[in-house]
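J.: Here the protein sequences line up with chains A and B, keeping their order. Residue 894 is where the first sequence starts when you use this note's numbering, and the numbers rise one by one after that. Residue 139 is where the second sequence starts when you use this note's numbering, and the numbers rise one by one after that.
These are calculated hints, taken from the structure and not from any lab test. It is possible that part of the hints are untrue.
Which stretches of chain B does chain A cover? Using the computed rule of at least three CB atoms under 8 Å from a CB of chain A, they are [as the list claims (entries may be wrong)]:
no.: 1; stretch: 169-175
no.: 2; stretch: 183-193
no.: 3; stretch: 236-245
List of simulated lysine-lysine pairs, DSS-like, C-alpha gap at most 27 Å [claimed, not checked]:
no.: 4; chain 1: A; residue 1: Lys902; chain 2: A; residue 2: Lys964
no.: 5; chain 1: B; residue 1: Lys246; chain 2: A; residue 2: Lys915
no.: 6; chain 1: A; residue 1: Lys915; chain 2: A; residue 2: Lys960
no.: 7; chain 1: A; residue 1: Lys933; chain 2: B; residue 2: Lys190
no.: 8; chain 1: A; residue 1: Lys929; chain 2: A; residue 2: Lys902
no.: 9; chain 1: A; residue 1: Lys937; chain 2: B; residue 2: Lys234
no.: 10; chain 1: B; residue 1: Lys234; chain 2: A; residue 2: Lys945
no.: 11; chain 1: B; residue 1: Lys234; chain 2: A; residue 2: Lys929
no.: 12; chain 1: A; residue 1: Lys933; chain 2: A; residue 2: Lys912
Just so you know, even glycine gets a beta-carbon here, dropped at the ideal spot from N, CA and C.
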Amino acid sequence: DTAVSQTPKYLVTQMGNDKSIKCEQNLGHDTMYWYKQDSKKFLKIMFSYNNKELIINETVPNRFSPKSPDKAHLNLHINSLELGDSAVYFCASRRGDSPLHFGNGTRLTVT
Amino acid sequence: DAKTTQPTSMDCAEGRAANLPCNHSTISGNEYVYWYRQIHSQGPQYIIHGLKNNETNEMASLIITEDRKSSTLILPHATLRDTAVYYCIVKDNAGKSTFGDGTTLTVKP
Chain A
894 DTAVSQTPKY LVTQMGNDKS IKCEQNLGHD TMYWYKQDSK KFLKIMFSYN
944 NKELIINETV PNRFSPKSPD KAHLNLHINS LELGDSAVYF CASRRGDSPL
994 HFGNGTRLTV T
Chain B
139 DAKTTQPTSM DCAEGRAANL PCNHSTISGN EYVYWYRQIH SQGPQYIIHG
189 LKNNETNEMA SLIITEDRKS STLILPHATL RDTAVYYCIV KDNAGKSTFG
239 DGTTLTVKP
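Isolated chain A, as found in the complex:
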């Protein structure tokens, strides 16, 4: 039973396309996150939602738009993909001060 699941696991697409990554957690957590890990392996927070409300929005291009239809889901839509968007995107969730639970990542490659 996967706690935090992301789809797809791999995504290869061309520049200029629009794509979405989905995340679901079955832990009953109230806060969900998107992190980006680039080729230098630095994990950077992008967004956070608490009970479907956006609470953290780091300096991310507005081509990235998170959407949380309910507490268990946080999707990431990316418009007009660029080469620099190539990275591994991790979804995570937590309740309060409990530890973060991460998904296994989505490896996005933009060609």
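We have chain A already, so just place chain B on it with the hints.
T.: Below, chain B without anything else, positioned relative to chain A:
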């Protein structure tokens, strides 16, 4: 910006204890210290966390100094599968858990 500092890399002999230090000198009184690790490109895995007291679980021990400005993660008997990047995190009041560069631990046979 990460609120913690860690050595870039460490080596440890298989079967020996691995002691990974972390400085968090600006930590607030109610902020927990969390440790995660990332093996290859998998999702970061939670290891342990603590507030003031030392903690132990099936994976590791966490020693927090009395002034809470630093902590040490101890893997009592390191195995080759413990080779990973280890992150020490403090969650800030805005709810962000900012990851720094972490410590790359290499366990050698």
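J.: For the pair supplied as a hint, Lys933(A) and Lys912(A), is the alpha-carbon distance within the 27 Å limit?
T.: holds, 23 Å
J.: Next pair to validate is Lys234(B) with Lys929(A); report whether the Cα-Cα distance is within 27 Å.
T.: holds, 14 Å
J.: Hint check: Lys929(A) vs Lys902(A), CA-CA at most 27 Å. Holds or violated?
T.: holds, 14 Å
J.: With a C-beta cutoff of 8 Å, work out whether three or more residues of the stretch 236-245 of chain B approach chain A closely enough for the coverage to hold.
T.: holds (count 3)
J.: Report holds or violated for chain A covering the stretch 169-175 of chain B, Cβ cut-off 8 Å, minimum 3 residues.
T.: Since three or more residues must qualify, the claim that chain A covers the stretch 169-175 of chain B holds, with 3 doing so at under 8 Å.
J.: Do three or more residues of the stretch 183-193 of chain B come closer than 8 Å to chain A, measuring C-beta to C-beta?
T.: Since 3 is at least three, the answer is holds.
J.: Hint check: Lys902(A) vs Lys964(A), CA-CA at most 27 Å. Holds or violated?
T.: Satisfied, since the Cα-Cα distance of roughly 22 Å is no more than 27 Å.
J.: Between Lys915(A) and Lys960(A), does the CA-CA distance stay at or below 27 Å?
T.: holds, 10 Å
J.: Measure nothing beyond the straight line between the CA atoms of Lys234(B) and Lys945(A); if it is 27 Å or shorter, mark the hint as holding.
T.: Holds, at roughly 16 Å.
J.: What's the verdict on Lys933(A) and Lys190(B), does the C-alpha distance respect the 27 Å limit or exceed it?
T.: Roughly 33 Å separates the two Cα atoms, so the pair is violated.
J.: Within 27 Å, alpha carbon to alpha carbon, are Lys937(A) and Lys234(B)?
T.: Distance ~10 Å between Lys937(A) and Lys234(B) Cα, so the pair holds.
J.: Could you grab the alpha-carbon distance between Lys246(B) and Lys915(A) and see if it respects the 27 Å cut-off?
T.: violated, 38 Å
Against the hints set out earlier in the document, violations occur for numbers 5 and 7.
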